[in-house]
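Following the hints, put chain B in place on chain A, whose structure we already have.
Protein chains in written order, with numbering that gives the first Met the number 0: chain A, 0 to 99; chain B, 0 to 657.
Since the hints were made in silico from the structure, they are not lab data.
All of these numbers come straight from a predicted model, not from anything done at the bench.
Treat the hints loosely; a few may be bogus.
[Unchecked claim] Sample of chain A residues lacking proximity to chain B, with all beta carbon distances greater than 10 Å (derived):
1. 5
2. 9
3. 63
[To be verified] Here are a few chain B residues that face chain A, going by a calculated C-beta distance under 7 Å:
4. 632
5. 633
6. 634
7. 635
8. 636
9. 637
10. 640
11. 641
Ideal Cβ positions, reconstructed from N, Cα and C, are used throughout, including at glycine.
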Amino acid sequence: MIRLPLVLFFSAVLFSTGVYGVLARRNAVLVLMSIELMLNAVNLNLVAFSQFWHDVTGQVFALFVIAVAAAEVGIGLAIVILIYRNRETINIDEVNLLKW
Amino acid sequence: MVVAAETVSATGIGPGFTRLAWVVAVLPLVSAALTLFFGKRTPGRGWIYGVTAMGAGFVISVLVLWHFVQGGSAVSSSVTWFTIGPLHVEAGQFVDGLTAIMLVVVTAVSLAVHVYSIGYMQGDVRFTWFYVVLSVFTAAMLDVVIADNLIQLLVGWEVMGLCSYLLIGHWWEEGINSNAAIKAFITTRIGDVPFMFGIFVLIAATGFHSANIQEVGELVGGADVSRGLVSVAALLLFGGTIGKSAQFPLHVWLPDAMQGPTPVSALIHAATMVAAGVYLVGRLYSVFLHAAPEVLRFVGVIGGITMFGAALLALVQDDIKRVLAYSTISQLAYMVMIMSVGPAGRDAAFFHLFTHAFFKALLFLGAGCVIHAVHSNDMSEMGGLWRRMPVTFWTFAVGSAALAGIPPLAGFWSKDELLVAGSKGHAVVFTLMLVTALVTAFYTARMVMQTFFGAYRGHGEPHEAPAVMTGPLVALAFGTITVGFLGAAVTRGVFFKWVFFEAPEPVTFVPWVATLSILAAGLGILAGWYVYRDQPEPDPVFQLGWLSSLLVNKFYLDEVYMHGIVLPVRDRVSAAVVWFDRNVVDGVVNGTARLTKDLAFGTDEFDRTVVDGAVNGVAQAAGFTGGLLRYLQSGNVQRYAAFLFVGVVVLAIVITRV
Numbered sequence: 000m001i002r003l004p005l006v007l008f009f010s011a012v013l014f015s016t017g018v019y020g021v022l023a024r025r026n027a028v029l030v031l032m033s034i035e036l037m038l039n040a041v042n043l044n045l046v047a048f049s050q051f052w053h054d055v056t057g058q059v060f061a062l063f064v065i066a067v068a069a070a071e072v073g074i075g076l077a078i079v080i081l082i083y084r085n086r087e088t089i090n091i092d093e094v095n096l097l098k099w
Numbered sequence: 000m001v002v003a004a005e006t007v008s009a010t011g012i013g014p015g016f017t018r019l020a021w022v023v024a025v026l027p028l029v030s031a032a033l034t035l036f037f038g039k040r041t042p043g044r045g046w047i048y049g050v051t052a053m054g055a056g057f058v059i060s061v062l063v064l065w066h067f068v069q070g071g072s073a074v075s076s077s078v079t080w081f082t083i084g085p086l087h088v089e090a091g092q093f094v095d096g097l098t099a100i101m102l103v104v105v106t107a108v109s110l111a112v113h114v115y116s117i118g119y120m121q122g123d124v125r126f127t128w129f130y131v132v133l134s135v136f137t138a139a140m141l142d143v144v145i146a147d148n149l150i151q152l153l154v155g156w157e158v159m160g161l162c163s164y165l166l167i168g169h170w171w172e173e174g175i176n177s178n179a180a181i182k183a184f185i186t187t188r189i190g191d192v193p194f195m196f197g198i199f200v201l202i203a204a205t206g207f208h209s210a211n212i213q214e215v216g217e218l219v220g221g222a223d224v225s226r227g228l229v230s231v232a233a234l235l236l237f238g239g240t241i242g243k244s245a246q247f248p249l250h251v252w253l254p255d256a257m258q259g260p261t262p263v264s265a266l267i268h269a270a271t272m273v274a275a276g277v278y279l280v281g282r283l284y285s286v287f288l289h290a291a292p293e294v295l296r297f298v299g300v301i302g303g304i305t306m307f308g309a310a311l312l313a314l315v316q317d318d319i320k321r322v323l324a325y326s327t328i329s330q331l332a333y334m335v336m337i338m339s340v341g342p343a344g345r346d347a348a349f350f351h352l353f354t355h356a357f358f359k360a361l362l363f364l365g366a367g368c369v370i371h372a373v374h375s376n377d378m379s380e381m382g383g384l385w386r387r388m389p390v391t392f393w394t395f396a397v398g399s400a401a402l403a404g405i406p407p408l409a410g411f412w413s414k415d416e417l418l419v420a421g422s423k424g425h426a427v428v429f430t431l432m433l434v435t436a437l438v439t440a441f442y443t444a445r446m447v448m449q450t451f452f453g454a455y456r457g458h459g460e461p462h463e464a465p466a467v468m469t470g471p472l473v474a475l476a477f478g479t480i481t482v483g484f485l486g487a488a489v490t491r492g493v494f495f496k497w498v499f500f501e502a503p504e505p506v507t508f509v510p511w512v513a514t515l516s517i518l519a520a521g522l523g524i525l526a527g528w529y530v531y532r533d534q535p536e537p538d539p540v541f542q543l544g545w546l547s548s549l550l551v552n553k554f555y556l557d558e559v560y561m562h563g564i565v566l567p568v569r570d571r572v573s574a575a576v577v578w579f580d581r582n583v584v585d586g587v588v589n590g591t592a593r594l595t596k597d598l599a600f601g602t603d604e605f606d607r608t609v610v611d612g613a614v615n616g617v618a619q620a621a622g623f624t625g626g627l628l629r630y631l632q633s634g635n636v637q638r639y640a641a642f643l644f645v646g647v648v649v650l651a652i653v654i655t656r657v
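Only chain B is shown next, with the shape it has when bound in the complex:
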C-alpha cells in the first residue's frame, strides 16, 4: 500500500476530481453551521441544510468511487498542520477504494437518516439542534474516514464520541436517557484513552517521523522498529476499537445507547460510528500484522467472545431496539474477529461492514417506524403489524433476511465471505461463526414474529408511517438487495478490486461453506418461526432456568461494573479523594498561607529593625562624625594657615628624614 503517484485514469473522473473528496467531509460542517445559525428561522425548522449537504455529499462520494471503479489509484493531498521537532504532522486526505466505499456508506446512511428524521422528529422541542448535531457527527465520521494521519483521525474520533453523547441524551429530561448518555461517553472514553496513547506509542515506535497513516504503516515493517513497541501500540489502538465498536468487555454502553432517538441509533449506533473501530483496525492493519502474533490472536478472542455472547443476549431482549443493538455488537464482532485471520479476513470484514451498514440502518429505521406507530419499544406490545404497516413490514423483512443471511441479500454474500475467510482459520472459529449465524437467524425470526405476526397486543390503532419515513426504508431496502452482489462471486467480486490490503484477493465461492451458511440461517429462522408461530406466553426464552437469568442479567456484567467499579469508586475512592482534598490539599494550601503570613511578619520585623536600623545607623554615624569634624572648620583663616604650616613642616621633616 504505497501512497500512489497519480495515474490518470482513462476516462471520466480523474484524480483531479477525487482530490476534492475532502469537500464531502466539509459539507456537513457547513450545513451544521447554517442549521445552527439560521435553522430556527427556516421553514421546516432547518432540516433542509443537512439533507441538501448529505445529498450533495452522496453524489460526490459516488463520483469519487467511480474513479476507483475505473481502476484509479489512491490519491492523497495534505497541508502542514504543525511540526514538533522531527515530527511533521499534516492535515489532509488519503482517498483509496476503502475511503471511497466508506464515504458512500456514511453519506448514504446519513442521507437516509436525515430524511427519515424529518418525519420521526417532527414537533420535537430540539428539532433544529438535533439536525445540527447529526450534521456535526457526519462531518466527524467523514473526517475519520478521509484522514491521512492519526492525529486528524483522533480529532474526528473524539468529536464522534461527543455527538454520540449529545444524541443519546437528546431527551435528557428523563434521567434514564441522560444516564445512558453518560454511560456511553465514559465507557467509550475508557477505550479512547488507550487509543490516544496507542497513537503516541506508534509514532514513537516509528521514530517520530510522521503521523501519516500510510507512512507509519510502511515504517512499522522496518528492521529498526521494535516489535514489542509495535505490539503495545496495536493493543492500545485496539482498546479504542473495543470502546468505540462496543466489543467485550466495553460493549455495555451500546444497548443503553438505544435510549436515544431511533434515527440516531440507526446512524451512529449501527451503521457508522461503531464501525469506526473496525475501520481503524483495517486501516492500520499493517501495524497489527507487524505486531506479535498474539495481538491478532487477542483481537480474534475478543471478537469471538463478543460475537457469540452478544448474539445470545439478543435472544432475551424485549425491547426491539435492544435486540438490534446486541445484533449490532455481534455483527461488529464478526468483523473484528475475522480481522485476526489475515488480509483476506480484513477485506471480508470491510465488505460485511459495507453491507451491514445498509441492512442495519434499514432495520433500525424500520423499528423506528414501528415504535412511532405503537408508542412503545416493547415487543410484547406489538404483533400483527404486517397488515397495518405493509411498507415497513416488507422492508423490515428484507433487512431481517439480510441479517439472518438469506440469499441473495447483502448479508448473505458478506457473511459468506466472512465464513470463507473463517474456514481458513481455526476450526473453533468457523464453528463459532456458524453457531452465531444460527442464533442470529433465530433471534431475527423471533423479533419479526413478535413484531409483525400474531395478534396485536398494544393500545390504539397503529398506522403506517408517512412517506418521508418509508422513503428511506425503501431506498435502504433496495441497497440491501443490491450491494451484496458487488462482492459476490457471481460478479467476480468487484468490491475486492476497490478494497484490498496490498493486493486484491481473488473471490472464491466455496459451495460447502455457502451450504452450511444457508443451512444455519434456514434452521434458525425455521426454529424461530416454530417457537413463536402462535405467540407463546410467557416467552420460552425466559423459561430456560439459570441460562435465562444469566442472559436477562446480561451475564451480570452491569452488576459487576456497578459493584466492582462504579460503587467502590463512588463510595470509597470518592470519599478518599474528598478526605485527601480536605486534609492534604487544603492543608497544603492553608499551610502555605500561614507560612507566608508568618514569613511576612518576620520580614516586616527584619525590615524595621535591621534594614532601617542599618540605614539610620549609617546616617547617625555620619552625622556624629560630621559633628565632631565641623569644629575643625572654624572659618578662621589663620588657623587654617597654621594647619597648613604644621602640615608643611611635618612633610618637610618626613621627606628630609626618609
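In isolation and in its complexed conformation, chain A is listed as follows:
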C-alpha cells in the first residue's frame, strides 16, 4: 500500500513537468503531450483519493478524464497536422495570427 503523500508528491511533480512543457516547449506536439501529463497528474490524484476514501467516484471521474483526454488529443493532433500542412511548421511561436 503506497502512502498517499507519496502519490500526491509524485502527482505534483508530474503536473509541474506538464506545466513547464506547456509554457516552455516550442513544438506543438510536445505541448499536447505536456497537457496529457497534467491531465494524468490529475487522474493520479483522483485515483489516489478514491483509494484513500474508499469511494469509487474518483475512479469514475478519472475514466471520464481519460476519455475526454483521448478526444482532446485526437482533435489537437488533427489541428497540428492541419497547421503543418498550411504553415510547414509546428513551432507554436510562429502560429500567432490571432492577434492585433
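Just chain B now, with coordinates in the frame of chain A:
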C-alpha cells in the same frame, strides 16, 4: 311671454304654416345670390330677382300675420348651432305678433324700394351690385327680426351695418360719399361693441344656460340673477341702440348717411335698420325692466335729448334729405324715450315704429322723385313743384301730414298712443313730446312749402317721375292712410292684440291728449305756412342769431368729435402708435432676431468644441487604451497559457487563504 306651445287656430293659417316664416328671411338671400351670379346677364340687369323675392316674402309675411290676426300664439323652432360647455346656442326663429308685424313692415318697405329703384337707379354703373346689397340687407334685417337668440341677432345686426356702409358709399368715387360711409360704419361700431359685450354679460348674468331671447328674458327675473349685472347688460345693449338707431350722442352718422342713394335712405336709414335699435330694446324689454330703474330712466333721458335736439336741427336744414334724416332721428327718439315709461310705452313705440316705417319711407321716396326731377338736394333750388309733379306732391303731402300728426293718418294715431303713454309719465316728458310735435309740424310745413309751393328756383324743367317710381309712392301713401287705424281706438286697437308685452293693454282714447296733439300739429303747420307762404329770402330760421349758428353747426357736435376725438387720435395717438411700433415693436422683433443670431453662434461654438470634443475625446480615449491593451494580445498561445496559469495560482492562493 312664454314660448308658447302650439295651439291650433280655428281656421286658415295654422302654426304649421307660420313655422315657415324663416323662408321670408331666406328668400332675399337667394335673390341676392341669383342677382350676383346672373344679374348682369338678365334683361333689365337683375332687378327681377329681388323684386320677386320681396313680393313673395311680403305675401308670406301677410299670411303669417294672418295667423296672429286669428289669435294664434307664438311659434318657435330651432336647430342646434353650437355648444360651448353649458351654453347651448341654437339657430332658429321665434315668431310672435311683433315678429309678424316687423316681417310685414320690412318686406313691404323693401318691396316698395326694390320697385322704386328700378326707376331711380336706372343706368347706374353698379345697378346690379346695388340690388345684391339691397337684398342682402333685407335678409339681414329679417334675420334680426326673426332670430330667436342673441347670437343670431348679432349676426344680422352686423351684416346690416356692413350693407349700410356699402350702400351709403355706393357712389364712392366722390370723397364725401365714401367719408360718409366710413363715418356711419365707425360711429355705429362704437355702439356695436358695447352691444356685443352686452350680449356676453347678459348670457353670463343668466348663468350661461342659453342665448335664447325668450329664455334669457325669463331668466333675468330669477332670484339668483345679479341685478347689477343685468343693469350693466341693459346699458351695454342700449349702446347698440344708440349707435344703430342714431341716438344722441352717436346720431351724427345718420344725416351724413344721406349721401347714399335715396332708396337706400328710405329703406335703411328711415324704415328698417335704424328701427332695429328700437326693436332690440322692445324685444329684450324684460331685461330693461329687471335692471335697475336708473337704466330705463337713462334710456328716457337719451331719447328725450335726441327727440328734441334732432327736431330743432331739422329746422335749419337746406337739404331735403337731411330734414328727413333729422326727422327720422327725432321720431326714433320718440320710440326710445317712450320705452322708458313701461310696457304700455313699449307697445306704443312699436305701433309708431310700424306706422313711421310707412310714412317715412314714403317721404324719402317722394324726396327721391323730387331730387330725380330737379337734380339737386337743396330746397332752395326747388319750389312750385306741385303743379309739375302732382302724384309726388299729393303722396308727399300725405306723408308729411302723417309725420306732422294730422288725423286720420297713421302718424296721428301712433303719436296719439305715444302721447297717451307719455301722459302717464313725468310732466316734463309729456311737455317735451308736445313741443317736439309742434316743432315737427313746423319743419314739415317748411319743407313742403319750400319744395312744392311758391316759384320754381331751380334749373331746367322738372317732370313727374316714371310710373315705376310713383307706383310705390301711391302704395305707401295708401298704407300711410290705412295702417293707423289698426291701432286706433276706433277699431279697438287690434294692433295691440298682436303686439304686446306679457298682456295686451287696452287702447284708450284720451280726448284731451288727442286735442293737444292736434293743436300742436295744427299750430306748427299754420306757423310754417305763415312764415314760408311767400318764400322769404333769406330764410328766417337763419336769422335767429346765436341760436341759428348753434343749430347750423349741429350743436358743434361734429366739431367736438373732430377736435376732441378724431384729430387727437389721428395726430397724437396715431403718432404715438407709430413711435411705439417703430421703437418698441420693431425693437422687440429686431432684438429677438439679434439675440437668436448670437445664441446661434454660441450654440455653434459649443457644438464644435464641447459636444464634438466630448465625442472625439471618448473615441481617442478608447483608441489610446485599446492601443495599450493590444500588446496583451500577442497571439502567442504559450503566453496566454502563462497568464492562465498565473491567474489560477492567484485564485488558488486567494481561495485557500480566505
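Results of checking the hints against the structure:
Separation of residue 5/A from chain B is adequate, the least Cβ-Cβ distance of about 22 Å exceeding the 10 Å criterion. A cut-off of 10 Å between C-beta atoms confirms that residue 9/A is not in contact with chain B; the least separation is 20 Å. Listed as a non-interface residue, residue 63/A keeps its Cβ farther than 10 Å from every Cβ of chain B; the least gap is roughly 21 Å. At about 5 Å, the closest approach between the beta carbon of residue 632/B and any beta carbon in chain A falls short of 7 Å, and the interface hint on this residue holds.
Contact between residue 633/B and chain A, as hinted, is supported at the beta carbon level, the nearest pair being about 6 Å apart and thus within 7 Å. Interface hint status for residue 634/B: upheld, as the beta-carbon distance to the closest one in chain A is roughly 3 Å, under 7 Å. Interface hint status for residue 635/B: upheld, as the beta-carbon distance to the closest one in chain A is roughly 5 Å, under 7 Å. A least Cβ separation of about 5 Å between residue 636/B and chain A falls short of the 7 Å threshold, and the interface hint therefore holds.
With a least beta-carbon distance of about 5 Å to chain A, the hint placing residue 637/B at the interface is held under the 7 Å criterion. Against a cut-off of 7 Å between C-beta atoms, the interface hint on residue 640/B holds, since the closest Cβ of chain A lies about 5 Å away. At its closest, the beta carbon of residue 641/B sits 5 Å from a beta carbon of chain A; the interface hint therefore holds under the 7 Å criterion.
Of the numbered hints given earlier, the model fails none.
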